[in-house]
Amino acid sequence: MVKVDAAVCTGCGGCINICPVYALLLSKEDKAMANNNCNDCKICVRACPVNALSL
Amino acid sequence: MAKQYDVIVVGAGPAGAMAAKTAGENGLKVALIERKQHIGNIGRSCCMMLLVVNEYYFGDRMGLNLRDGRLNFPVNGFSVKLYGGYKDLYAYHIYSPNGHRVSLGNADHERTQQNPYRIALVHDKGALVEGLVNEAVQAGVDLYSGTNATDIRKKKNGVSVITDKDTLNTTFVIAADGNNSRIAANMGFNSSREFLGLFSVYGQTFTGVKGFDPNAFSQIIYGMPDPAFIGISPLASQDGFHVVAIGLDPGLDLKKTMKRVTTKSAFAPWFKDAKVIAETAAAECLYTPIHNPYRDNVLLIGDACWTQEAENTGCLMGGWRAAHSITEALLEGNTSTEGLRSYLDWWKRSYCDSYNYASYIKNFILSYIMTTDDIDYFLGHFKKQFPGKLNAYTTFDVLGAELPQVLPKMAVERPTIIPKILAFNMAPVNVLFAELAKAAKAVLAH
Chain H
0 MVKVDAAVCT
10 GCGGCINICP
20 VYALLLSKED
30 KAMANNNCND
40 CKICVRACPV
50 NALSL
Chain P
0 MAKQYDVIVV
10 GAGPAGAMAA
20 KTAGENGLKV
30 ALIERKQHIG
40 NIGRSCCMML
50 LVVNEYYFGD
60 RMGLNLRDGR
70 LNFPVNGFSV
80 KLYGGYKDLY
90 AYHIYSPNGH
100 RVSLGNADHE
110 RTQQNPYRIA
120 LVHDKGALVE
130 GLVNEAVQAG
140 VDLYSGTNAT
150 DIRKKKNGVS
160 VITDKDTLNT
170 TFVIAADGNN
180 SRIAANMGFN
190 SSREFLGLFS
200 VYGQTFTGVK
210 GFDPNAFSQI
220 IYGMPDPAFI
230 GISPLASQDG
240 FHVVAIGLDP
250 GLDLKKTMKR
260 VTTKSAFAPW
270 FKDAKVIAET
280 AAAECLYTPI
290 HNPYRDNVLL
300 IGDACWTQEA
310 ENTGCLMGGW
320 RAAHSITEAL
330 LEGNTSTEGL
340 RSYLDWWKRS
350 YCDSYNYASY
360 IKNFILSYIM
370 TTDDIDYFLG
380 HFKKQFPGKL
390 NAYTTFDVLG
400 AELPQVLPKM
410 AVERPTIIPK
420 ILAFNMAPVN
430 VLFAELAKAA
440 KAVLAH
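Chains as they are written, first to last, in numbering that gives the first Met the number 0: chain H, 0 to 54; chain P, 0 to 445.
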């Protein structure tokens, strides 16, 4: 499951709709957050412009 | 039992907030779903927190009522309160990497005038959206903030919207879920759209920056081998600037690009005493526009059905129009495409038939066609003061009109630049973007 560095994440939301399996949501702090749908495809990791996501 | 609405608006950006408020004011039962907890917090980069004035834009000619702090749209026939601060913009400055400046508008002159000629305002998008959402709630709209809409299902006489907390039923959905619209993808709208690439942005908000004009939108165009489009906007409510680095190559390290601009470039001295107070980003799929954004009781508005950005002014108009069109359709009892004609006709004439998305995204491709040295050379030929204008669709037409004057000299001094200028002017956008689209598809496994 992908990990989000909340300190680096700007909450831009780009990854949320790019994820093909709806594994990303916005958390209560308005940062990206992964759920159990994640299949480790790494599309969000590659697409994030600030490298806030990692596997 | 699931709650029943007349219209559910997904996404509380400028388009969605305006749609929900207008629908609520029409007495409809409205829900507004927004995944952010704090609606006024804009995390997505936006150097275009800009409102174009003094020319027709998307079919209207926005006016300023500064006495009452309102924006008016006389062609569409409505006005909104201009929440938050704003700054006057008198010029649009285009910088080449060596610091040469091409100006559309004379800011120094306008600053001395009793009635200055504004080309745009920069405004506080978060404050505007928050203000409109508050008005929507006052008009009886049920606001579901901090709520992710995860699915849309067709029902016999309407739609079910499934969120991470609830299921809501409705006659209509207005999908204002922005760029990369999940609703557009789910409903199959993207299968008829051409994919052009991935638009990546990294932004920083600075105080303590000197040198950039506080009454202008500025940009710096860098070419190969380190392509980037840098946008610099004054802040609406305080001294400072929001600076964005935009790239179309998903492999580009935009944080490194920003560091280069602020510490090594010709502009580095202007950032000597600068402090970063916020960061933004964006990762946006670029698709060609959706010409018929209505299907099965779901109407797409705003960025969800345009290429890259429909802009705040256009989104306010679109939200307002969509709500009235849906009101009419409900009164008529007509949920067909024909029932939504007042919105769909407006969308067709104001966007699809009047604005070429290719002209807009071409602004970002020059960086990949020319080298930095080429751009210094090319822009260095433009020395006259151009009339004030801020319209990304027509900027290069304005410069292009000067080409007959400057091309002969360039053809002799630097013949290698001629095919690049020709390609930029003439080649179709899907040809210019072909390599970048391929690289983006690899990232997105499209």
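Treat the hints as calculated values from the structure; they're not laboratory data.
Backbone N, C-alpha and C define an ideal beta-carbon position, used for all residues, glycine too.
Any given hint might turn out to be false.
Short derived list, chain H residues pointing at chain P, Cβ under 8 Å [what the hints assert, rightly or not]:
(1) Asp4
(2) Ala5
(3) Thr9
(4) Ala33
(5) Cys37
(6) Arg45
(7) Pro48
(8) Val49
When the alpha-carbon atoms are kept at most 27 Å apart in a straight line, the in silico DSS-like pairs for lysine-lysine are as follows [unchecked claim]:
(9) P:Lys209 / H:Lys30
(10) P:Lys388 / H:Lys2
(11) H:Lys41 / H:Lys30
(12) P:Lys437 / P:Lys388
(13) H:Lys2 / P:Lys440
(14) P:Lys271 / P:Lys209
(15) H:Lys41 / P:Lys388
(16) P:Lys209 / P:Lys440
(17) P:Lys419 / H:Lys27
(18) P:Lys271 / H:Lys30
(19) P:Lys263 / P:Lys274
(20) H:Lys41 / P:Lys254
(21) H:Lys30 / P:Lys254
Here's how the hints hold up against the structure:
no.	hint	verdict
1	Asp4	violated, 13 Å
2	Ala5	violated, 12 Å
3	Thr9	holds, 4 Å
4	Ala33	violated, 13 Å
5	Cys37	violated, 14 Å
6	Arg45	holds, 5 Å
7	Pro48	holds, 4 Å
8	Val49	holds, 5 Å
9	P:Lys209 / H:Lys30	violated, 32 Å
10	P:Lys388 / H:Lys2	violated, 44 Å
11	H:Lys41 / H:Lys30	holds, 18 Å
12	P:Lys437 / P:Lys388	violated, 34 Å
13	H:Lys2 / P:Lys440	holds, 23 Å
14	P:Lys271 / P:Lys209	holds, 8 Å
15	H:Lys41 / P:Lys388	violated, 42 Å
16	P:Lys209 / P:Lys440	violated, 40 Å
17	P:Lys419 / H:Lys27	violated, 48 Å
18	P:Lys271 / H:Lys30	violated, 31 Å
19	P:Lys263 / P:Lys274	holds, 16 Å
20	H:Lys41 / P:Lys254	holds, 20 Å
21	H:Lys30 / P:Lys254	holds, 19 Å
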